[in-house]
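K.L.:
Here is how the chains run, residue by residue.
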Amino acid sequence: MSGEQTRKLFVLSAIWLALLLAPYWMAPLGGYTALATRVLVLGLAAMSVNFLLGFTGVLSFGHAAYFGLGAYGTGLALKFLTTSTPMSLVMGMLLGGVVGALLGALIVRRRGVYFAMVTIAFGQVFYYIAFQWSSLTGGDDGLRGFSRQPLHFRFFQIDILSNTNYFYYFVLFCFAVAVGAMGLILRSPFGRAMIAIRENERRARFLGIPIERHIWIAFTLSCFFMGLAGALYALVNNFADPRGLHYSQSGDFVMMAVMGGMRTFWGPLLGAAVFVVLQDYLSSVTVNWMSFVGLLFVLVVLFFPRGLLGFVRRKSAA
Amino acid sequence: MTQLLLFNVTNGLIIGAFYVLMALGLSLILNLSNVINFAHGGFLVIGGYIAYTITPYVGFWGALLIAPPITALIGLAVERTLIRPLYGRDPLYSLLLTFGLAFIIEDGTRFIWGAQGKPVTVPAFLAKPISYDFFFITGYRLFMVATVVFAVALLFVLLRYTRLGMRIRAGTLDLETVSALGINVRILRSLNFAVGIFLAGLSGVLAAGQLGLEPTMGTGLLMPSFIAIIVGGVGSLTGTLLGGLLIGVASGLTAMYFPAASEAIMYVLMAVVLLVRPRGLLGEEGMMT
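These protein sequences, in sequence, are chains G and L.
When you number the first sequence by this note's numbering, it's gap-free, plus one each residue, and the end is 318.
When you number the second sequence by this note's numbering, it's gap-free, plus one each residue, and the end is 1289.
The hints are simulated quantities; they were obtained by calculation from the structure and are not laboratory data.
Just so you know, these numbers come straight off a predicted model, no measurement behind them.
Don't be surprised by glycine CBs; every beta carbon is placed ideally from N, CA and C.
Be aware that one or more of the hints could be misleading.
What the hints assert, rightly or not - Restraint-style ranges between C-beta atoms, simulated for each label pair: (1) G/V312 <-> L/G1088: 22 to 28 Å; (2) L/R1160 <-> G/L102: 54 to 60 Å; (3) L/R1089 <-> G/L278: 21 to 27 Å.
Chain G with its partners taken away, still in its complex shape (with noise of 0.2 Å):
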C-alpha cells in the first residue's frame, strides 16, 4: 500500500516536474515554446471532457461548444470591457460554464447515444451563431482584434504579451489550479458518486443518488472547466477561431482523452500531447492530413480503445 503511495508520488511530482521544465526540454527536442503551450491547454480541454466521459460515464461529443464560448467570451472581453487578462479569463469561464448549466438542465433528460446525440446537435447552436453573427464575432474569419495585457501587480508587471516563457508559466498556473480542482473534486464523495453511476447507473439510483442531478452538476462543472481552457486558448493565439466551436473539434477533443486513456487522470493530457504533435507534423508535410487523422482515429478505436496509459497500466499490472 505504502509502496504504490510513493510510486503515485512519484509519478506525480515527475509530471509535474516536467511541466515546470518544459519551455527548456522542448527546445533541444525540436519544439517551441508555444507548442508547450497549446498542449497545456488542449490537454486541459481533454481533461474537461474526460472529467465527464472517464469519471461519469456520460458520452457529451458536443464540449467544443463550451470550450469555444470561453474562447469567444474572452475574446470579447479583452476588446469591449476590460484591459485585465484575469478578470476576461472569469468571463470566458462564466459564459462557458453559465451556458453548460443552462443546456446541461436540458441535455440530462436524455441517456446513453441520444445523450451524446444532444449534447453534438447543441453544441453546433454556437457554431451558427458565431457564424452568422458577423458584426460581433467576425463570423468566418473568426474574432480578432484583441490581444492579452501584462499581468499588473501591486508592485511589479509580468509581461506574458511578449514573453512567451512567462506565458506559458501563467497557463501553467491556471492549469494548476483547474487540474488541482478536479482532483479534489473527484476525490470527494460527490466525485466517489460520479465514479459509482459511470459503473453502475442503476445499482447508483437504488443506492439513493439522485442521478440526473449528479450528471447535471458534473456536466456544469467540466463545462466551466472547458470554458476555462476555450479562454485561455483565446489568448494563445489572441484570436478566437469559429471552428473552435465546432463538433469537429468536440471529436478531437474526445480523441485526445481515449488516446491517451480515459480511465486514468493524467491520460488525455498525454493524448492532448501526441494528438497536437502529431497533428502539427502532418498538417506540415502533407495536405491529406484530415485522412491520416481520420485513421488515427479508427486505428486507436480498433486495436488501442484502452489508451496509452491503460495500455501501460495493464501491463504492469499484469
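Using the hints, position chain L against chain G.
P.N.:
Quick look at chain L alone, frame taken from chain G:
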C-alpha cells in the same frame, strides 16, 4: 404573399424530405445497433459522386438505379470490417470510429474528385418549371419528393410485412431474445446497416441533381438529421419522418422572415421538445411502423 408562403413551405418540405431520408437511415442503424453513424453524411457524398462518375455511361436514370446499391455494398464492407468488432462495446467507440471515417471519406473524395463542386445533369424535361405561377416547382423537385415518398413507403412496407423487417423491429425491442430464437443477429445487423446506407446513397444521388456535389455536403445534412431523430422520438421511425418534415418546414418558414435564424430554429425546436416532451413527439419504447 401567399405565393411567397407557398414557396417557402415547398422549399421546407423538399429539404425536409432530404432530412427524412438521411435521418431514417441513421435511425435504423441507431435503433438496432446502437451506433451513431457519423459517417452517414460521408456515404451520402459517396453515393452522389458515384452517380456523377457513372452518369456519362448509364445516364441519370441508370445512375439513380445503380449508385445507391453500390453505396450500400461499400457500407456493408465497412460494417463487416470496421464496425462489427465494436458492437459489444461502449457506443463511444463506434461514434469515434465513424467520426474518423467521415474525415477519411471527405478527404478521399476531395483527393479523387477535387475540391471543386461538380454538377450532375438531370434529364431536360425534369429541369423545367411546371408552370409560371409556381416557378419554384420544377419537375425535378416533384420527382425528388415522389422518389423520397416512394422510398419511405417501400421501407415501411419492408419493415411491416417482410420477415427481415419483422426481425429488425423485433431486434430493436430485444436483440437478445431475437438471437435466442435462432436468428443470426450478425447478418441482421449487416443487412440493416446496408439498408440505412442505401438510403444515404439514394439521398446523395437526389441531392447531387438538385444542389451539385461537394465533398463537404454530407456534414451539412448530418446535424438536421440528428435533430429530426431527437424531435421525432426514440426508436420511432414514424417520429423521425415527422421530425424531418417538421424541421424542414420550420426552417423554410424562418428563412422567409429571418433568414439568419433558419438554422437556429431547428435547435430551438429541439430544445422545446426536450423541455416539454423529453422522449420526443412519438417516442416510445418500441419502434412504430
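K.L.:
Hint by hint, note whether the structure agrees.
P.N.:
A quick look at each hint next to the structure:
For G/V312 and L/G1088, the Cβ-Cβ distance of about 24 Å falls inside the hinted range of 22 to 28 Å, so the restraint holds. Restraint check, L/R1160 to G/L102: a C-beta distance of roughly 41 Å breaks the suggested window 54 to 60 Å. Hint check: L/R1089 to G/L278, Cβ distance near 24 Å, so the stated range 21 to 27 Å holds.
Hint 2 alone, counting from the list given before, is not met by this structure.
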